[in-house]
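Engineer: Make the full structure from the sequences, and use the hints.
End of the sequence shown sits at 188 in my numbering; the numbers just go up one at a time, nothing left out.
Don't read these hints as lab results, they were simulated from the structure.
Ideal Cβ positions, reconstructed from N, Cα and C, are used throughout, including at glycine.
There is no bait here: all hints are sound.
DEER-style ranges, computed between Cβ atoms:
id : residue 1 : residue 2 : range
1  : V184      : G66       : 13 to 23 Å
2  : D153      : D92       : 22 to 32 Å
3  : G66       : G127      : 25 to 35 Å
4  : K145      : K188      : 16 to 26 Å
5  : T86       : V151      : 27 to 37 Å
6  : I22       : E97       : 54 to 64 Å
7  : K128      : T106      : 15 to 25 Å
8  : G172      : D144      : 36 to 46 Å
9  : D153      : T86       : 29 to 39 Å
10 : K185      : I22       : 42 to 52 Å
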Amino acid sequence: MQIKTLLVTLSLLSLSGCQTLDSAMSATDGILNKTGDILSGDFRGLGPAKKATLSEIWKDWQQNEITAKRKWDSQRLEVPGIITRITKTGEIVSQNQIAIIFKDPSNGKCKGQGLTRDDLKVNTDKISNLKVGDRIVVTGVLGTTESKWATQGECWFSFDKAEIVKATK
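Structural biologist: Here it is as C-alpha cells:
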C-alpha cells in the first residue's frame, strides 16, 4: 500500500512539474521569439502592428506587385479573418507549423493563412479554443514568397510568425 501511495505521489509531482515547465515555456515564448528575430536580422515582427485587410493588401498588389511587396513586406500586420481550416504544414515534428486558413470577412475571394513559428505545445495550446467559422485577428509578417498566388481573380496571402487570437466583438 505504501508503495502505491509513493508511486501516486511521485506521479502527481511529475505531472505538476511538467505543468510548471509548460507554464514557464509559455511565459518565455514571446521573449525567445523576439530574440530569435533579432539574431536572424528580421526586425519586421518587433514593431507595432499596422491594421490592414486582405482586400486592402490585394488592391495594392493588383496595381503594382513590386511596390506592394515593398510596402506590406516591411512591417508587422494585424489582419481580421474568418477561419475556414485549421491544420499543420508538414510531417516532421520539429519543422511543422500550425496553419490557420482564413478568409477576408468582407471579400470571400481573398484568403490567407497564418503560420505559427512551430507546432510545439505552447502554440497548440494557444489555438486549441479556435474552430472553423470563428472570427479571428492574425498578427504577423507577410510571407512574400508564399503570397505569389495573388492574381487578378482572387488573392492568397501568407503571414509568418503569426499570432492568432479570437476577435473580440
